[in-house]
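Okay, here's what each chain looks like letter by letter:
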Amino acid sequence: MSTFSTERQTPTTRGGLPAAPSGGAQRPPVPHTWRKRRERLTAGTFMAPAVLLVAAFLLAPFVWTIYRSFFSDSRTTPFSWFDNYSLFASDPALARSIQNTLMWVVGTVVLPFVLGLAIAVLTNATRWSRLARLCVVLPYALSGSAVAVVWNFMLTTDGAVNQVLTNLHLDSLAQGWLLTWPGNTIVMILANAWQATGVAVILFLVGLQSIPPETVEAGALDGAGSWQQFRHIILPQLRPVSIIVIGMSLVNGLKSFDLIWVLTQGGPGRATETLAVSMYNETFLELRPGAGAAIAVVLTVIVLAASWLYLRRQLDVKGE
Amino acid sequence: MSVSRVLRNGTVVLLALLWLVPTWLLVVNALVPSGSYTGSPHWLPSSFGLFDNMHQAWDKAQLGPAMGNSLLYAVVSALAAVVLASGAAFATIVMQVKRQALWFWLIYSGTLLPLQVFIRPLFLSYAKSSLYDTQIGLVLIYTAIAVPFAFFVMRNYALTLPREVVEAARMDGASWWRLFWQIHVPLSRSAMIAVFVFQFVAVWNDLMFGITLTTSRNIRPVMAALADLQGNYTNVGPPVVLAGALLVSLPTLVLFFSAQRFFISSLKIHR
Numbered sequence: 023m024s025t026f027s028t029e030r031q032t033p034t035t036r037g038g039l040p041a042a043p044s045g046g047a048q049r050p051p052v053p054h055t056w057r058k059r060r061e062r063l064t065a066g067t068f069m070a071p072a073v074l075l076v077a078a079f080l081l082a083p084f085v086w087t088i089y090r091s092f093f094s095d096s097r098t099t100p101f102s103w104f105d106n107y108s109l110f111a112s113d114p115a116l117a118r119s120i121q122n123t124l125m126w127v128v129g130t131v132v133l134p135f136v137l138g139l140a141i142a143v144l145t146n147a148t149r150w151s152r153l154a155r156l157c158v159v160l161p162y163a164l165s166g167s168a169v170a171v172v173w174n175f176m177l178t179t180d181g182a183v184n185q186v187l188t189n190l191h192l193d194s195l196a197q198g199w200l201l202t203w204p205g206n207t208i209v210m211i212l213a214n215a216w217q218a219t220g221v222a223v224i225l226f227l228v229g230l231q232s233i234p235p236e237t238v239e240a241g242a243l244d245g246a247g248s249w250q251q252f253r254h255i256i257l258p259q260l261r262p263v264s265i266i267v268i269g270m271s272l273v274n275g276l277k278s279f280d281l282i283w284v285l286t287q288g289g290p291g292r293a294t295e296t297l298a299v300s301m302y303n304e305t306f307l308e309l310r311p312g313a314g315a316a317i318a319v320v321l322t323v324i325v326l327a328a329s330w331l332y333l334r335r336q337l338d339v340k341g342e
Numbered sequence: 690m691s692v693s694r695v696l697r698n699g700t701v702v703l704l705a706l707l708w709l710v711p712t713w714l715l716v717v718n719a720l721v722p723s724g725s726y727t728g729s730p731h732w733l734p735s736s737f738g739l740f741d742n743m744h745q746a747w748d749k750a751q752l753g754p755a756m757g758n759s760l761l762y763a764v765v766s767a768l769a770a771v772v773l774a775s776g777a778a779f780a781t782i783v784m785q786v787k788r789q790a791l792w793f794w795l796i797y798s799g800t801l802l803p804l805q806v807f808i809r810p811l812f813l814s815y816a817k818s819s820l821y822d823t824q825i826g827l828v829l830i831y832t833a834i835a836v837p838f839a840f841f842v843m844r845n846y847a848l849t850l851p852r853e854v855v856e857a858a859r860m861d862g863a864s865w866w867r868l869f870w871q872i873h874v875p876l877s878r879s880a881m882i883a884v885f886v887f888q889f890v891a892v893w894n895d896l897m898f899g900i901t902l903t904t905s906r907n908i909r910p911v912m913a914a915l916a917d918l919q920g921n922y923t924n925v926g927p928p929v930v931l932a933g934a935l936l937v938s939l940p941t942l943v944l945f946f947s948a949q950r951f952f953i954s955s956l957k958i959h960r
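If you're matching them up, the sequences are chains S and Y in order.
Going by this note's numbering, 61 is the number at position 39 of the first sequence; the sequence numbering is gapless.
Going by this note's numbering, 857 is the number at position 168 of the second sequence; the sequence numbering is gapless.
Check before you lean on any hint, since a few could be wrong.
Said to hold, decoys possible - Subject to a maximum C-alpha distance of 20 angstroms in a straight line, what follows is the list of computed EDC-like cross-link-like pairs (lysine to aspartate or glutamate):
hint	chain 1	residue 1	chain 2	residue 2
1	Y	K787	S	E61
2	Y	K787	Y	E856
3	S	K58	Y	D917
4	Y	K749	Y	D917
5	S	K58	Y	E856
Calculated from the structure, these hints are not laboratory results.
Here the structure is a predicted model, which means the values were calculated and not measured.
The following block holds chain S by itself, in its conformation from the complex (with noise of 0.2 angstroms):
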């Protein structure tokens, strides 16, 4: 099932290479040594271009970032404890943003999930609704700033949903989408599940494919509906799948940026800022770079939390 696992690369293989210590006994010792070292050497060529590139572009700022995060924002930078951490507890507008982020990792995680499932489910029998399939996976091909102007288009104040509630005269109903929270958010979290349904649908169907046609057909010779069907004999064959497609739209979910930046830039005031924007708000517009690390760096601790209970899930599952 799943081909993740650092523990993978036993000792047991290595005897059959023919540079491992056990087949070199017999060897003089002197090539040895020196056939070893060069050996490490091409090896440490191989390594060092993806290594280095990581560390420079990737680790080292990371760990800058991190460094930073103890520094205040005041002239003089002085080393400043948690202060910039504090913000928290004290700015409204990060309080704001921690709320939208919760509000985005909820609708990310259990939209597509609902969504693409069902849809999965429902598609993957007949061959006509293939193009009902289509219809939900093409949203995956645009790009998050790509879906912000098409969503920019359906939500302004005479866009197209508007008018939609205006012929069918429920002219009350209109309003300016994007203007008062949590309406604003809300509406960019179902603009996000438009776009991020569509590899849920694909990651179901390569489950469902793999679901052995016999236990279904055992299921409906037992009598089970279609429902019990579901319920007790694909869903529970789902779950390896549901893993992934849960750990990606939770980690998504977290890191979104392009949607929101696009359609808002966080706006207007602060108000549909998640943690990702306002990190990049604090740094760049407010000019806080202090605050705006310490934002970065507890958005590391969150998104790494969930990696780790996906990651680990996942060993799980192919420990089964």
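Position chain Y relative to chain S; hints supplied.
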């Protein structure tokens, strides 16, 4: 039975139509000639102004250089990341370097961290080292950001390759370099293509590095240009902005549908 079937098909049709509405409006309104757009969305295509709208978007947001840049960034970075990641995967799995867990986490950790944690240090050091607002600067960061996930996939794929081939070649005295280029790379070709497609799309769709590490219109990538066009929404008018969005999405749309097999296989390896 038949009631549930009607219910089921009805749900499918309803969901599909709901999903289709924004896509439909995107296409229809990108077709409306921008001069004759009256302020409210069109629901049916009337006349064909798509190419003119795209042309306007192309001029006003300078999409031409932006798309050229993004093509360069996406191809070079994805290719470089695939090769570097394959090399690292080869060293860890086939050559069996010591401390594999350390190397694995050192590289793989890059894909777990949110981009926000890299951005300001990169911005500052780019400004200092004159990488800021250069094509090479963007290629470097896009490659670095693509390597960890590419490594993860290539490493998992390498675990599934038969060891006997490598051992036989080693017995015959083939060097590691030859082994890598003539045996390992051809064997992992399908995974490499999947990773390339995945990373190409990721780089093409990136916004954040584009708006942070560039300013010039002839350096910035395509999504930064699109965000700029969207910022001029009221000036240029909805049809032009939508046509621009459609235009910049064409490469990934084409790639998505022509390489769907690879997309799905890249998703599969993700597990």
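Results of checking the hints against the structure:
1. Y/K787 / S/E61: This hinted pair holds, its Cα atoms lying about 12 angstroms apart.
2. Y/K787 / Y/E856: With Cα atoms ~18 angstroms apart, Y/K787 and Y/E856 stay inside 20 angstroms; holds.
3. S/K58 / Y/D917: violated, 56 angstroms
4. Y/K749 / Y/D917: holds, 10 angstroms
5. S/K58 / Y/E856: holds, 16 angstroms
In summary, the structure is inconsistent with hint 3 from the numbered list given earlier, while agreeing with all the others.
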